[in-house]
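Asker: For the protein sequence lines, the chains are V and S, in the order given. If you count by this note's numbering, then the first sequence holds residues 1 to 275, one letter each, in order. If you count by this note's numbering, then the second sequence holds residues 1 to 280, one letter each, in order.
Please keep in mind that the hints were generated in silico from the structure rather than gathered at the bench. Here the structure is a predicted model, which is why all the values come from computation and not from measurement. Hints are supplied without guarantee of correctness; some may be wrong.
Which residues of chain S face chain V? A partial, calculated answer using Cβ under 8 angstroms [unchecked claim]:
#1 Gly39
#2 Arg40
#3 Ile147
With beta-carbon atoms standing in for the labels, derived distance ranges [what the hints assert, rightly or not]:
#4 V:Lys75 - S:Gln57: 54 to 60 angstroms
#5 S:Leu279 - V:Ala50: 47 to 53 angstroms
#6 V:Lys255 - S:Asp43: 40 to 46 angstroms
#7 S:Asn75 - V:Gln182: 57 to 63 angstroms
Even glycine gets a Cβ: it sits at the ideal position worked out from N, Cα and C.
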Amino acid sequence: MNIKQNSIQMAAALLKERLEGRHPELGIVLGSGLGRLADAIEDPLVIPYASLPGFPVSTAVGHKGNFIVGRLSGKTVIAMQGRIHYYEGYGMDMVVLPIRVMISIGIRGLIVSNAAGGTNLSFRVGDLMIIQDHINLLPNPLIGPNMDDFGPRFPDMTRPYDPSLIRMALRLGAEMGIHLHQGVYVGGTGPSYETPAEYKYFRTIGGDAVGMSTIPEVIVARHAGIPVFGISVITNEAHDDYADDYVNDGDDVVKAADAAADKMSRLISRMIEKM
Amino acid sequence: MPNINTNQPQIIHAAAAYIREKLQGRKPVIGIVLGSGLGRLADEITDAVVIPYSEVQGFPVSTAIGHKGNYIVGNLSGKCVIAMQGRIHYYEGYGMDEVTLPIRVMKDLGIQYLFVSNAAGGTNLSYHVGDLMIIQDHINMMPNPLIGPNLDEFGPRFPDMTRPYDPSLIRLAQKIAHEQGIYLQRGVYVAVTGPCYETPAEYRFFRAIGADAVGMSTVPEVIVARHSSIPVFGMSVITDVAHATDDEEYITDGELIVKAANAAADKMSALFKEMISRLP
Numbered sequence: 001m002n003i004k005q006n007s008i009q010m011a012a013a014l015l016k017e018r019l020e021g022r023h024p025e026l027g028i029v030l031g032s033g034l035g036r037l038a039d040a041i042e043d044p045l046v047i048p049y050a051s052l053p054g055f056p057v058s059t060a061v062g063h064k065g066n067f068i069v070g071r072l073s074g075k076t077v078i079a080m081q082g083r084i085h086y087y088e089g090y091g092m093d094m095v096v097l098p099i100r101v102m103i104s105i106g107i108r109g110l111i112v113s114n115a116a117g118g119t120n121l122s123f124r125v126g127d128l129m130i131i132q133d134h135i136n137l138l139p140n141p142l143i144g145p146n147m148d149d150f151g152p153r154f155p156d157m158t159r160p161y162d163p164s165l166i167r168m169a170l171r172l173g174a175e176m177g178i179h180l181h182q183g184v185y186v187g188g189t190g191p192s193y194e195t196p197a198e199y200k201y202f203r204t205i206g207g208d209a210v211g212m213s214t215i216p217e218v219i220v221a222r223h224a225g226i227p228v229f230g231i232s233v234i235t236n237e238a239h240d241d242y243a244d245d246y247v248n249d250g251d252d253v254v255k256a257a258d259a260a261a262d263k264m265s266r267l268i269s270r271m272i273e274k275m
Numbered sequence: 001m002p003n004i005n006t007n008q009p010q011i012i013h014a015a016a017a018y019i020r021e022k023l024q025g026r027k028p029v030i031g032i033v034l035g036s037g038l039g040r041l042a043d044e045i046t047d048a049v050v051i052p053y054s055e056v057q058g059f060p061v062s063t064a065i066g067h068k069g070n071y072i073v074g075n076l077s078g079k080c081v082i083a084m085q086g087r088i089h090y091y092e093g094y095g096m097d098e099v100t101l102p103i104r105v106m107k108d109l110g111i112q113y114l115f116v117s118n119a120a121g122g123t124n125l126s127y128h129v130g131d132l133m134i135i136q137d138h139i140n141m142m143p144n145p146l147i148g149p150n151l152d153e154f155g156p157r158f159p160d161m162t163r164p165y166d167p168s169l170i171r172l173a174q175k176i177a178h179e180q181g182i183y184l185q186r187g188v189y190v191a192v193t194g195p196c197y198e199t200p201a202e203y204r205f206f207r208a209i210g211a212d213a214v215g216m217s218t219v220p221e222v223i224v225a226r227h228s229s230i231p232v233f234g235m236s237v238i239t240d241v242a243h244a245t246d247d248e249e250y251i252t253d254g255e256l257i258v259k260a261a262n263a264a265a266d267k268m269s270a271l272f273k274e275m276i277s278r279l280p
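So here's chain S without its partners, still in its complex pose (with noise of 0.2 angstroms):
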């Protein structure tokens, strides 16, 4: 047998049966991850019910800083959203099959749209901290979380993935941010495995072979959505900028990093809020 667990379809089923039976009626339309230092959205999701990670089984206990481990479920923008707050990254040494789990189990609750937010570095040379990206397309650098037997009943053995982000959601944040005056980036976010930060020379890398951002979450949260054809529509908060020589000065400022990163927070809330209006 292959070394992958086979009862995973089980795992989804009771743990989203478990979630709806706490949603009394409730149906989420829209899926929203909320990565490092964005979880601020949460608190503007209203008629809110919390689901602690902790109290579904079969889920892990998110350990990461900054992040806590909860389902929000309640009103945002006129619809009703799911909203993870806190996700589960491969560096803290879970398997795929729990990365992807709450992705799933989202799924499995009927969501058409996936939000997913993170906190990247950026390795293109025009980034600043503080800017937002829109992710038109990644480049994947960690095991893919579908590797094992296909689950059939989410998707095909061989998914496409010509469009990974959705265009019209694209230009939807686009035309909002026009209207709105936010400035945003767009371009490729590469997935890599961490926990360590990137060194100089991986930066060049990552930048030499077409990508603008870095991070290590996102993209298997991503594949297993498209594995659904959940549209998807991804941003990153840009918390680091390249450096890109070994230069001995070169220091990482926390607290202009934490400012920029909250500003440009409440801009992202803003626009997620106002894209999630304008939804069908």
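Okay, chain V solo, but in the shape it has when bound (with noise of 0.2 angstroms):
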């Protein structure tokens, strides 16, 4: 065996062992901003990811870092709150070892959410998006010796984003009234925002919102076939004319995400009960 799926192992014991006997279902990641899902995690245990063997410290604005395991929607589920970005300057190693983690101790879906920037142009803050593919520009998380203990060394991607998960949360939506986009992410390293000729290149290759970060674990999901549903929220929108008073603000993509969250997690807790 060699070091990194070592360390994986490593970490998955330990978390199991702190489990107390639960055994989670479903994976759940909490984007910027998103994290208040992990609030209606009912009887949560909480496992900060520094207490874990071989886990760094999250460091991104409006995330922590902690793993929450307990009952949603009457199922176990273990949620990130907060996730390991490669902008922090983390090889994709260290940026996917929390989904490779909850892999190992047996989870059988995996939900991803993000803050992400429109470049569809009929997009606006706020909105939801659900992400039905993506286009990866950011280094493959699958570079390096195979582990095949996870899967093949070639995983297919035909279908990243589970069909059958993408019509019930069309359906959902529709009785909720939430109205969802459907789209493809793209996901860059960041950490600087999108330059208005960047977001045109996204717009021309088939991109409808971009960002920095779930495509890495999503491939990771996909390599050990688990089932992935990805979710949006539109916290910034195409800006093409270099307007003069135009600027994209951290702070500001936290807020909107925040006011969409509400939204999503409704969505997301009745999904899961539906599962």
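Both chains come to you apart, so use the hints to assemble them.
Answerer: What follows is the structure, encoded as structure tokens:
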């Protein structure tokens, strides 16, 4: 076994010990400002990343760094309150470590969320977008010796986001009166925001939203054959005109994400109930 | 820990302190990065102090053809400027911390504007060798130089890039060019690592995504300058043009290109000098 695999198993073993017999069946990654869904988890067990071997401390604005294990909509879930970002300077092994640890303790589905910029001109701040597909402009997290215990050398990416979960979200969204876009998420490294020319580029190649996370996590989950549901909160809009007064501001992003977080939390809770 | 150099601020401050001492009280207000073949503007800096990069601790030695490796501090158009005669390229194998170190040192020295220049290939089919292009915007296909722990004293974690190139400096350049009869293109620069030149298919790709010129530098420098909110003006000399087909007869005439680039460099120097003289 290589060192990477060893560190995953060590962290997973320690995490398992601390779960007091609970068996999370679903993993949830809570993106920028969306951590409040964690408050809805009943009987929560909070496990700081920093208390697990091999884990770093997440530094992004609006991010905490905890696993939260408990009951949500009648299921035992494990939520990541804060993720590890590539732009923080960590290698991809570190970025995807929490996902692989969750896979190791037996999750059977993964829900990922993020805050993203809308490259699609019809998107507005506070909109929700179901991630139907992605374009990866980050380094691929599977580069390196393949972890055969997790999945194949060349994993299929035909359906990165589970079609039946997407259909369920659309149906529930309609029932609950929550408007949902469907679109393609482009993952770049950041941390600087996109230029207007980059926004146009992403739109030209078929991107509807752009962000700095999520895809590495989805790739390692799909590597292990785990069904994924992804959703983006649109926290800023495309700006093509070099307008003198427009700025992209980290605090505004967190605010817009907070406002949409409630809608997203209700949707995700209902989905989990039906899963 | 992230696999990134965490004592970068100390390296920057130490280098700036060394240079400040050499400057004996001069305070450069404008930084200028002189790209491939454009170094001659440095000759017009009067009362100049030359500081080789190799003298400054923490600096690598630039190796690119046509590049020297010096800071030149002195007077240009009535302003105290600091020019980089030669830049550090990612394709040389240096990390982004090193590539952007000279810019951050100039920020530490107190520059209020940054002028960047480069030689670029024209992906826009209407461009000709020797054209000057105002960089209006860029597409970054190099690693982002801000990856790693944020240097809070330089700027925010997620810097805005809505106006990477200062609109008022662009307007000033256009006004002066109009007065002086200098024809300027204006377009989007796509930055790639190199060092191999682009294939015809890559040229088509860049054109399709909205790029007008392609090169192997500049954008990392602009990103760290904008991280610190320094207004940037950028200009490309088109030294190579798109060859849209895989035509077997296509050939690059080296001599013609050098001539065209030199003529363009003179125009660019004149423009930069006039712009600098009109800055507040």
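Asker: Determine for every hint whether it applies to the structure shown.
Answerer: How the hints compare with the structure:
no., hint, verdict
1, Gly39, "violated, 28 angstroms"
2, Arg40, "violated, 30 angstroms"
3, Ile147, "holds, 5 angstroms"
4, V:Lys75 - S:Gln57: 54 to 60 angstroms, "holds, 58 angstroms"
5, S:Leu279 - V:Ala50: 47 to 53 angstroms, "holds, 49 angstroms"
6, V:Lys255 - S:Asp43: 40 to 46 angstroms, "violated, 52 angstroms"
7, S:Asn75 - V:Gln182: 57 to 63 angstroms, "holds, 60 angstroms"
Going down the numbered hints, you'll see the structure goes against 1, 2, 6, while the others check out.
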